[in-house]
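Peer 1: Residue-level listing of the chains:
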Amino acid sequence: MGSARVFPAWHTNVTHTCVTPCVRRVLGQSGPFPGEAFRPARPHAPMLHASSSPVAVASAPALQTPLSVRSSAAVGVERCAMQNVKKSFGTTAILKGIDFDVREGEFAVLVGPSGCGKSTTLRAIAGLESIDDGSVRIGGRDVTLLPPQERDIAMVFQSYALYPHLTVRGNLAFGLRMRKTPEREIAARVQEVSQMLGLDPYLERKPKALSGGQRQRVAMGRALTRRAQAYLYDEPLSNLDAALRSSVRLEIRKLHDRIGATSIYVTHDQVEAMTLADRLWVFNAGRVEQSGPPSEVYDHPRSLFVARFVGSPAMNLVTGRVRRIGNESRIEAEGLSVPAPSGLPEGQEVVVGLRPHDLHPCGASERALGTLHFDAFERLGGELLAHGWARASGANMVIRLEGDAMRKAVVGDAMEVAIDPERLHFFDAASGLRLESK
Amino acid sequence: MKHLEAIAAHALAIAATVFALYPLFWVFGLALSPTGLSSDARMWPLSSSPSLANARALVEGNPHFWTQLGNSLVISFATATVAIVLALPASYALARFSFLGAKAGLRTMLWTQMFPGVASAVPLYAILQTLGLLDSRLGLVLVYATTAIPFAVLQLKGAFETIPVELEEAAWVDGASRLRAFITVVLPAARPAIAVTFLFAFMSAWNEFILAATLLSRESAFTMPVVLQRLVGEHAARWGVFAAGALVVSIPVIALFYVAQKSLVAGLTAGGVKG
Chain A
0 MGSARVFPAW HTNVTHTCVT PCVRRVLGQS GPFPGEAFRP ARPHAPMLHA
50 SSSPVAVASA PALQTPLSVR SSAAVGVERC AMQNVKKSFG TTAILKGIDF
100 DVREGEFAVL VGPSGCGKST TLRAIAGLES IDDGSVRIGG RDVTLLPPQE
150 RDIAMVFQSY ALYPHLTVRG NLAFGLRMRK TPEREIAARV QEVSQMLGLD
200 PYLERKPKAL SGGQRQRVAM GRALTRRAQA YLYDEPLSNL DAALRSSVRL
250 EIRKLHDRIG ATSIYVTHDQ VEAMTLADRL WVFNAGRVEQ SGPPSEVYDH
300 PRSLFVARFV GSPAMNLVTG RVRRIGNESR IEAEGLSVPA PSGLPEGQEV
350 VVGLRPHDLH PCGASERALG TLHFDAFERL GGELLAHGWA RASGANMVIR
400 LEGDAMRKAV VGDAMEVAID PERLHFFDAA SGLRLESK
Chain C
0 MKHLEAIAAH ALAIAATVFA LYPLFWVFGL ALSPTGLSSD ARMWPLSSSP
50 SLANARALVE GNPHFWTQLG NSLVISFATA TVAIVLALPA SYALARFSFL
100 GAKAGLRTML WTQMFPGVAS AVPLYAILQT LGLLDSRLGL VLVYATTAIP
150 FAVLQLKGAF ETIPVELEEA AWVDGASRLR AFITVVLPAA RPAIAVTFLF
200 AFMSAWNEFI LAATLLSRES AFTMPVVLQR LVGEHAARWG VFAAGALVVS
250 IPVIALFYVA QKSLVAGLTA GGVKG
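Protein chains in written order, with numbering that gives the first Met the number 0: chain A, 0 to 437; chain C, 0 to 274.
These are calculated hints, taken from the structure and not from any lab test. Ideal placement from N, C-alpha and C gives every residue a C-beta, glycine not left out. Mixed in with the good hints there might be a few duds.
What the hints assert, rightly or not - Facing chain A, from chain C, some residues (calculated, C-beta under 10 Å):
id	residue
1	LEU51
2	GLU160
3	PRO163
4	LEU166
5	GLU167
6	VAL172
7	ALA175
8	THR183
9	PRO187
Said to hold, decoys possible - In silico lysine to aspartate or glutamate, EDC-like type, Cα no more than 20 Å apart, as pairs:
id	chain 1	residue 1	chain 2	residue 2
10	C	LYS102	C	GLU165
11	A	LYS207	A	ASP240
12	A	LYS407	A	ASP374
13	A	LYS95	A	GLU149
14	A	LYS207	C	GLU165
15	A	LYS205	C	GLU165
Chain A with its partners taken away, still in its complex shape (with noise of 0.2 Å):
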């Protein structure tokens, strides 16, 4: 089933050669752009950290403005924005200023911690949640007054939200007929979804009679059937098992680039956040802490925060100072000695990140960062996540062994450990912003 077919009109992938100008002012550029075609395909560009100071430390107002200034996901229209917005629940203040903006055929995610405000964000763009300052934009008009019927949007509910006294096939078909398409375009897009998600068994039956997989389709073909100016994901794989929750997760990628729709996707699982998106925005307590690739947001986390939560298993973090030895710079950190990133004062405090997938056995021309003495093995079969300490009373570290190391491997045992330095996170530890290096 070619997607051609499928979908023959409602999503069209477009190559773009303009940008309007509002994307130009939340993009904070007046020049031509670089590039600007968009492809549907994930457009991980090159990361963009150059700094001419040999040491840039990203100053706190930077991480409150919109960092897609700084990241270089594909640009296209913009089909959904926020700007400024800000929302409060009582005296508690839910979303601080969120700066926000989705273009055409790209799959956003917004991801973070219970209670960051990424819930209502999404929530704020489908129009179920009023705000009290900023504006929302959908498809190039401001929605920020419409009520949710009159954004253009479908959504797909972390409970399914399926209409119970509707069999499958009057869910499909209800956001059609509430819009008064002809029944005969109804009965072909039902026909067309339900063959697409495999749903033709189901068609009349009532939801309760569904299992939670089937249910999760009905809900996400209940979206598709529209043709929507973005699709909105709240949590809509939290309540599936394991297994499933990875199954469906390609299938809704594989969807949107199907039929090349703009998608937003709210989720508190970063493993989800980074296999699905094009664009990640990272929230933390109300506001947008980085934005961007999942690989550059990987790679170059602007913030602890963003560190920590990013990445499975979480990054090592051990804190040091910096200290001259000889003609070098390095920090000695609980135990692990790392060169330290040039233009550092002696004695300042630094927090350094290292990924558990970056340190490895250390090599016979390598220098050693230190000795682990493992402590606790969690073994996934391919390779071994093990749990140890560089120093008696330092932190929990823990490294990804495979091959050899992984079947030598003792609890009990040390083992030296390298790190290549190019992957080394350093953050400044009072403010907890990322220094760089050059």
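Starting from the known structure of chain A, arrange chain C on it as the hints suggest.
Peer 2: Then chain C, alone, in the frame of chain A:
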């Protein structure tokens, strides 16, 4: 062991059924007895020569019988319908919005349920007299509705609160207005609770006696409970006819229960009935 348990459970269920149904069986026997005597006490109430004389006496001996039955049906249906129609938007608003006076309103409705209807019989009589609605169906519907509406509001508010807001939100996002979402999504989801509430409101009006006896004096305006009461007078008790009347009165209720059975069970188990 399992068999014994099953036998004991069945025996208990049969005993309970007999205990509950035996008086009804008596009424049935009395209605079909040619003598219609209550003093004719036996274990087996069915007469050896059953007759429909009592039923005939009930219908033919009373020139207003059909009008009176009609009164009961019209008044009960109208009361239940008015209660549901007015309570639906009220209870939805109370369940979904917080507004000034919501709590006070709810509390007031609860209070109205605490007083027996008879406490307000005299003022109600005065009001209906002023309005010229004594001995009228409309008058009684208005009176019954005053207690049926708060009851229905309380019932339906509970029901709407159990319906997830996401269902409505999904409908809004799908393009429905608030009213449309209410009609196409919320009402069908609340159908069992609405059925239960309708039935309760219907039955309370159908069975009500004291206010009907107070507010109705013209015989053709009577409702069935008043008619039945008149059959067992001070001087003569026509128990056989009374029993036949009692059975006739039961038929609409049984029929309604039968029709609404499915919704009722769902409504009762889904917390549609509280307290």
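Peer 1: None of the hints should be skipped; say for each whether it holds.
Peer 2: Each hint, compared with the structure:
Contact between LEU51 (chain C) and chain A, as hinted, is not supported at the beta carbon level, the nearest pair being about 45 Å apart and thus beyond 10 Å. Interface restraint check for GLU160 (chain C): the shortest CB-CB distance to chain A comes to about 16 Å, outside 10 Å, so the restraint is violated. Because the closest C-beta pair between PRO163 (chain C) and chain A is about 6 Å apart, less than 10 Å, the hint holds. For LEU166 (chain C), the shortest C-beta to C-beta distance to chain A is roughly 5 Å, which falls under 10 Å, so the interface hint holds.
With a least beta-carbon distance of about 9 Å to chain A, the hint placing GLU167 (chain C) at the interface is held under the 10 Å criterion. Evaluation of the VAL172 (chain C) hint against chain A yields a held restraint, the C-beta minimum of about 5 Å falling below 10 Å. Evaluation of the ALA175 (chain C) hint against chain A yields a held restraint, the C-beta minimum of about 5 Å falling below 10 Å. Because the beta carbon of THR183 (chain C) sits about 8 Å from the nearest beta carbon in chain A, less than 10 Å, this interface hint is met.
With its C-beta approaching chain A no nearer than about 4 Å, PRO187 (chain C) sits inside the 10 Å limit, and its interface hint holds. The suggested pairing of LYS102 (chain C) with GLU165 (chain C) is violated, with an alpha-carbon distance near 24 Å, which exceeds 20 Å. For the proposed pair LYS207 (chain A) and ASP240 (chain A), the alpha carbon gap of about 18 Å is at most 20 Å, so the pair holds. As the CA atoms of LYS407 (chain A) and ASP374 (chain A) are separated by approximately 15 Å, the hinted pair is consistent with the 20 Å bound.
For the suggested pair LYS95 (chain A) and GLU149 (chain A), the alpha carbons sit about 26 Å apart, so the restraint of at most 20 Å is broken. The hinted pair formed by LYS207 (chain A) and GLU165 (chain C) meets the criterion: a straight-line CA distance of about 16 Å does not exceed 20 Å. Only pairs whose Cα atoms come within 20 Å are accepted, and LYS205 (chain A) paired with GLU165 (chain C) is accepted, the gap being roughly 18 Å.
Figure legend: structure checked against the earlier numbered hints; hints not met, in rising order: 1, 2, 10 and 13.
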